[in-house]
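**Q** Which chain is which? The protein sequence lines are B and E, in order.
Numbering of the first sequence is given in the working numbering, commencing with residue 5 and proceeding in unit increments.
Numbering of the second sequence is given in the working numbering, commencing with residue 58 and proceeding in unit increments.
Careful: at least some of the hints might be erroneous.
Pairs of lysine-lysine residues, derived as DSBU-like cross-links and limited to a Cα-Cα distance of at most 35 Å, are as follows [said to hold, decoys possible]: (1) Lys-223(E) / Lys-391(B); (2) Lys-223(E) / Lys-338(B); (3) Lys-287(B) / Lys-159(B); (4) Lys-223(E) / Lys-139(B); (5) Lys-289(B) / Lys-223(E); (6) Lys-223(E) / Lys-184(B); (7) Lys-251(B) / Lys-223(E); (8) Lys-159(B) / Lys-223(E); (9) Lys-348(B) / Lys-223(E).
Honestly, the hints are just simulated from the structure, not real lab data.
As the structure is a computational prediction, the values presented were derived from the model and not from experiment.
Listed here are the chains, written in short residue letters.
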Amino acid sequence: MNRPRVVNQPTTHRDILMGMNLIADLLAPTLGPNGGTVASGPTAGGRAELLDDASTIARRIISLGNPQTDIGAMVMRSLIWRVGQRAGDGGATAAVIARRLYVEGMRLGTAGYNTVRMARGIEQGVKVVSESLRKLARPITGETDLAAVARTITKDEALSAVIGEMSFLLGPDAPVVIEKYVAPYLQRRYIAGAHFGAEIRSMYFYTQPEQRRAVLTAPAIALCEERLTETAQVLPLMEAAINVGAKGLVIVAQDVSGAALGLLVSNQQAPAEKKKLSLLAVKIKPVGDELRWAFTDLALLTGATILGPNHMRKGATALPQDVGRTQRVEFATKGVVVVAHDSKRADIREEIARLRQLLIDTPLDDEDRPKYARRLGTLTGGVGELKIGAHAKEDRAIREAQAERAFKVLSAAQRGGVVPGGGAALYHCVPDLLAAAEAERDDNVAAGMRVLATAISAPLEQILINAGVTAPKVEMQYIRDGGPTTTYDVFSGKVADAATCGVLDVTDVVSQMLSIAASGAMMALSTDAIVYHRKPKQSLQPD
Amino acid sequence: MPIILSFAKVNDQLWAAGPEGLYKVKGEALEAVPQPEVELACCGTDGERILVGGLPHGTAFSLDSGSNWQASWMDGVEGPVLCIAADPRVAESGVLLAGSAGGGLLRSHNRGHSWTVCNFGLQDFTVLTIAWAPVAPADEWPQWEVVFAGTEDGVYRSPNAGRGWKRSEGLDGVVQIVAVAPDFHSSGIVLAGTEEMGLWRSADGGRWFTHVTDGPSRVDALTSTADGWLLSDEAQLWRSSDGLNWQPVADSKPALTLFATAQGVWHGGEQGIALLPK
């Protein structure tokens with residue numbers, strides 16, 4: 005019979021600590037710019053996977069093979085994963101803090117302090133630190149700050165510079181498409197305008213046939229959520245375009261074929277002196293909700309009315325006011341790009357503000373988030389495309405993952421500002437925390453705050469150790485003496501002003517990371533018994 | 058004397074362009090050369106060839122001092138080109154930028170043979186002026202390639218040699234001319250001149266502009282010089298050492314363009330050209 009086994013104190017704390025130590029020891033060396041990668045494997049192909057992102061490393065650990073260590077390891081796995089999902093970065097820092105919190109909390113608990121009251125002190129301490137971080141924070145001033153933050157994640161100057169530049173130009177909700185690239189270099193592209201997957205309906209619409217490209221400057225645009233097959237469906241659109249004084253007309257429809265297409269092609273082929281309109285007809289590719297949003301956004305950007313059986317008018321009954329205006333429309337292989345004539349209109353700005361708020365309110369791992377970001381890119385004037393190459397497949401995968409994380413973190417940086425990096429910001433919060441502990445009447449609560457003060461010094465100390473500093477405590481004193489803007493610059497090996505040397509962390513990331521680390525450690529601290537099941541459930545997705 | 062709107066220097070030869078034509082500057086005289094456009098708005102150079110932009114549209118370039126001209130491929134832009142400016146590292150990069158009326162910004166990476174529209178981030182598509190910042194110091198990271206575009210909607214700044222743009226804050230007006238301080242990478246000073254709202258100054262690398270209250274109310278031409286700044290309003294020239302405090306230059310004539318060289322500042326306007334010695 006498979007009966008579970010129950011253990012109590014002090015075995016509980018010992019078992020949890022074993023697991024926490026294993027994960028913290030695994031991740032601590034990855035902290036800071038001198039941190040290394042972790043090899044996970046072998047994978048199905050017999051290769052080792054090189055990882056430097058704590059949340060991915062944690063996700064790969066389903067079991068350590070020993071139920072006694074698994075408990076603590078799974079607590080760490082869960083909190084690191086949560087940090088990755090919510091904050092985008094800081095998993096290794098969270099592991100180091102959670103371990104120190106647990107060790108110090110357990111030590112004081114053994115000495116007779118009440119762990120529940122201490123947990124309350126840790127909780128209050130997190131609030132004090134968050135407030136101190138807000139005071140330390142300064143807003144992002146430009147692309148250089150963003151590149152510096154990206155460098156703390158990628159540890160690659162060229163990639164960080166490109167990410168900083170793209171994040172700056174695209175804004176906090178940077179709609180970026182990241183692709184792996186075979187050649188060992190980086191390439192970025194900015195696609196101005198609203199981009200939609202589309203198919204050109206005839207090669208005669210190409211204005212640059214050798215490049216398979218069609219470019220129309222300042223054309224009118226008609227949006228038809230219907231299939232256009234008859235001449236009577238397109239004639240009113242052409243007349244409307246001529247009436248509004250346009251020299252070109254772009255028809256975006258669910259399809260254009262038959263006599264309707266024949267009429268458009270014959271007009272397009274007319275001699276220049278007789279031709280009144282340059283034409284372009286495209287079949288839009290998105291379907292379902294994507295199609296609905298494509299037409300809605302195009303209508304908003306161009307001022308055109310959506311025509312079709314489900315709307316007020318069809319193409320056959322279109323009026324001059326139903327066509328919209330654009331600055332430029334370009335068709336190339338993958339789709340059509342529409343540049344708005346006046347993207348500063350109030351209704352466009354309102355929709356942009358609404359989408360921005362939606363993105364702020366939507367967790368980083370929500371499946372709707374990419375849709376909102378894509379629509380925002382459409383309305384704000386474009387998207388960025390980053391192609392990341394490297395010599396080896398594994399390297400490409402690491403760089404791609406780093407870039408994705410960096411964009412998430414830079415989004416938070418543009419909203420909440422930055423603080424001195426390399427663990428220094430948390431270390432600079434220690435005096436505020438100790439002052440709060442001093443003012444606290446309840447000894448147990450005050451002890452919790454002091455435990456937190458010790459724990460938040462741990463990341464800086466670990467980074468100094470990883471950088472090969474022989475006397476980390478001495479350097480930490482120099483950092484304290486240097487004032488709240490200083491940190492340790494691993495590249496120069498000196499204590500320096502964080503903004504000047506570009507060692508920055510994101511305020512919101514540090515704050516969220518600390519909150520999650522503290523919550524995980526407090527849960528572990530308050531655990532008094534463990535039930536070991538004979539056949540424990542394993543989950544690929546951390547809870 | 059012809060109206061002069063723009064200067065460019067190819068090797069040791071100074072060129073001047075205006076609606077009436079393109080000219081080689083010989084001393085303080087102008088020697089006309091055949092021009093490929095109906096009406097010129099600007100000239101530029103990559104250090105080896107002369108480029109011109111204007112009506113009816115597009116740019117053209119000459120490799121043989123203006124004897125023969127070749128039209129550039131303009132990526133569908135039909136508006137006249139109003140300004141051309143070369144990357145300070147054009148010898149290695151081959152990058153030039155051109156501003157058009159209505160079509161926005163165009164970027165060439167092959168010294169003006171062909172241009173592609175580079176309007177990412179622009180919200181106004183009439184670009185009246187382009188000004189590059191000097192090359193970043195070698196030890197600086199990241200190595201931004203900063204360039205500014207003056208439009209009818211204010212100043213736009215690009216950190217990446219014109220691939221993408223972001224609007225600078227503070228200035229909502231028609232910007233006729235932008236000038237960047239020679240020590241831009243340490244001082245961050247950029248000046249922008251407008252037709253109706255006077256002079257504006259940024260001290261943070263061109264991200265935020267504030268109005269210069271001590272300056273003239275209209276700026277037609279502006280340049281940085283070895284010892285400060287020089288600008289022209291509709292009546293005269295003005296000089297400043299810091300871009301904040303301006304003094305009129307006595308007995309000076311108004312200019313439509315100013316071009317700083319080693320000999321002094323060339324002055325182009327409705328009465329041709331003149332050299333203001335150092």
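**Q** Each hint: holds or not?
**A** Against the structure, the hints:
Restraint check for Lys-223(E) and Lys-391(B): the C-alpha separation of about 22 Å stays at or below 35 Å, so the hint holds. Between Lys-223(E) and Lys-338(B) the alpha-carbon distance is near 26 Å, which keeps this suggested pair within the 35 Å criterion. Between the alpha carbons of Lys-287(B) and Lys-159(B) the distance comes to roughly 44 Å, so the proposed pair goes past 35 Å and is violated. This hinted pair checks out: Lys-223(E) and Lys-139(B) have alpha carbons roughly 29 Å apart, not beyond 35 Å.
For the hint linking Lys-289(B) to Lys-223(E), the alpha-carbon distance of about 31 Å falls within 35 Å, and the restraint holds. Distance restraint check for Lys-223(E) and Lys-184(B): the Cα-Cα separation of roughly 27 Å lies within the 35 Å cut-off, and the hinted pair is therefore satisfied. This hinted pair checks out: Lys-251(B) and Lys-223(E) have alpha carbons roughly 30 Å apart, not beyond 35 Å. Simply put, Lys-159(B) and Lys-223(E) have alpha-carbon atoms about 26 Å apart, close enough for the 35 Å limit, and the pair holds.
A threshold of 35 Å between alpha carbons decides the hint, and for Lys-348(B) with Lys-223(E) the separation of about 14 Å falls inside it, so the pair holds.
Hint check: a violation occurs at hint 3 only; the rest are consistent with the structure.
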